[in-house]
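Q: Residue strings, one per chain:
Number of protein chains: 2
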Amino acid sequence: MTLLPKALTRLIESFQQLPGIGPKSATRLAFYLLHVPTDQVERFAENLRALKSSTVLCSLCKNVAEADPCSICSDPSRDQTIVCVIENPTDVLSIEKTGKFRGLYHVLHGAIDPLNNIGPDEIYIADLFKRLRTQDVGIKEIILAMNSNMEGEATAMYVTKQLKAQNAKLKITRLAHGLPVGADIEYADEVTLTRALEGRREY
Amino acid sequence: MTLLPKALTRLIESFQQLPGIGPKSATRLAFYLLHVPTDQVERFAENLRALKSSTVLCSLCKNVAEADPCSICSDPSRDQTIVCVIENPTDVLSIEKTGKFRGLYHVLHGAIDPLNNIGPDEIYIADLFKRLRTQDVGIKEIILAMNSNMEGEATAMYVTKQLKAQNAKLKITRLAHGLPVGADIEYADEVTLTRALEGRREY
Numbered sequence: 000m001t002l003l004p005k006a007l008t009r010l011i012e013s014f015q016q017l018p019g020i021g022p023k024s025a026t027r028l029a030f031y032l033l034h035v036p037t038d039q040v041e042r043f044a045e046n047l048r049a050l051k052s053s054t055v056l057c058s059l060c061k062n063v064a065e066a067d068p069c070s071i072c073s074d075p076s077r078d079q080t081i082v083c084v085i086e087n088p089t090d091v092l093s094i095e096k097t098g099k100f101r102g103l104y105h106v107l108h109g110a111i112d113p114l115n116n117i118g119p120d121e122i123y124i125a126d127l128f129k130r131l132r133t134q135d136v137g138i139k140e141i142i143l144a145m146n147s148n149m150e151g152e153a154t155a156m157y158v159t160k161q162l163k164a165q166n167a168k169l170k171i172t173r174l175a176h177g178l179p180v181g182a183d184i185e186y187a188d189e190v191t192l193t194r195a196l197e198g199r200r201e202y
Numbered sequence: 000m001t002l003l004p005k006a007l008t009r010l011i012e013s014f015q016q017l018p019g020i021g022p023k024s025a026t027r028l029a030f031y032l033l034h035v036p037t038d039q040v041e042r043f044a045e046n047l048r049a050l051k052s053s054t055v056l057c058s059l060c061k062n063v064a065e066a067d068p069c070s071i072c073s074d075p076s077r078d079q080t081i082v083c084v085i086e087n088p089t090d091v092l093s094i095e096k097t098g099k100f101r102g103l104y105h106v107l108h109g110a111i112d113p114l115n116n117i118g119p120d121e122i123y124i125a126d127l128f129k130r131l132r133t134q135d136v137g138i139k140e141i142i143l144a145m146n147s148n149m150e151g152e153a154t155a156m157y158v159t160k161q162l163k164a165q166n167a168k169l170k171i172t173r174l175a176h177g178l179p180v181g182a183d184i185e186y187a188d189e190v191t192l193t194r195a196l197e198g199r200r201e202y
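So the protein lines, in turn, are chains V and D. According to numbering that gives the first Met the number 0, the first sequence holds residues 0 to 202 in order. According to numbering that gives the first Met the number 0, the second sequence holds residues 0 to 202 in order.
Think of the hints as simulated: they come from the structure by calculation, not from any bench. Be aware that one or more of the hints could be misleading.
[Said to hold, decoys possible] Partner residues aside, some chain V positions facing chain D, computed with beta carbon under 10 Å: (1) Phe43; (2) Glu45; (3) Arg48; (4) Ala49; (5) Leu50; (6) Leu92.
[As the list claims (entries may be wrong)] Below, in silico cross-link-like pairs of lysine-lysine (BS3-like), each with a Cα-Cα straight-line distance of 25 Å or less: (7) Lys139/V to Lys163/V; (8) Lys23/V to Lys139/D; (9) Lys51/V to Lys51/D.
Note that the structure is a prediction, hence the values are computed from the model and not measured. Beta carbons are placed, not taken as given, at the ideal position from N, Cα and C, and that holds for glycine.
Pulled out of the complex, with its shape left as it was, chain V reads as follows (with noise of 0.2 Å):
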């Protein structure tokens, strides 16, 4: 005998299979919503759904967007020799809250990772080796904004190595290292404080 209704127990494996949520936190959504009205219910039905069909991939930059050329890529006003190579959408979101890029991204949708058989073929290198050679208006600098981990730091050097090979003269940046403004000395890891030193600036 099972005791729970089979309509019940199919919402909380699919639950279950978002990350992050085991099979407590399923079971407590599951019932939550079954006291929730049915329109709203029906409204997260509908926009699941929807997630797939009213999205694209911007064939430039490869960002999940509404339409192909995506609102950043069409935009006339942004510098279009800048480009800010991340591993995922959500850091475009975290750059443009800064206010301070106004060029273009590209976006790998990860980074290169042989532990978890990802290499430079599993997410969107190539097309930004292509992007340099064809585009338009000339890229003239990249700026490397992979995370400061082992994968990004290896994905970083692979584009480096390409694109060095590819076009001598790009200049290619990468992100600041240093202590995060509010930071304590005292708690700084001392990789972080050894570049935080090697970066000092004048003041």
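Chain V is fixed; fit chain D onto it per the hints.
A: Coordinates of chain D only, in the frame set by chain V:
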């Protein structure tokens, strides 16, 4: 200019309406689903839709079920003279897992909580009293298995008072309080320890 496609924003909003999921988690989940095969997302949407259309409340015990009466209420092998009163449908699962209870349930779907404007009329308490009067097989014992917090205690007190007024001979019991199995006495709070002492049994 909105940065995210509308379909994505809407799904993030839907996730945010779930308990314990804030803007960051909601964004992470929505972006995760972008990389998931379409048929899995479709199945998720379908499961959400089916949640409301394929489940009913059992008219007898008010538990969430596939059919009315539910599989527990319609099981002839269960003892219909004992009814365990609980706050939430998930509590049925917890008690069934012990394998020690062979009676029926009554799900209140909440507890009396005046601070949040939940009185006896907002939960299925009246149905319990009606059930006591009308059930074919007379109920001999009511086990109050509400949560051990203020709202649970208030609900238990209210139900006890009303039941006593309706049927003075009815046996009303509560779950035992005491040390959780595996717990250190050192770390037990005073109230739990007091209850454990009061409820001590001969060895």
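Q: Are the hints correct? Go through all of them and say.
A: Each hint, compared with the structure:
no., hint, verdict
1, Phe43, "4 Å, holds"
2, Glu45, "7 Å, holds"
3, Arg48, "5 Å, holds"
4, Ala49, "4 Å, holds"
5, Leu50, "5 Å, holds"
6, Leu92, "6 Å, holds"
7, Lys139/V to Lys163/V, "12 Å, holds"
8, Lys23/V to Lys139/D, "34 Å, violated"
9, Lys51/V to Lys51/D, "23 Å, holds"
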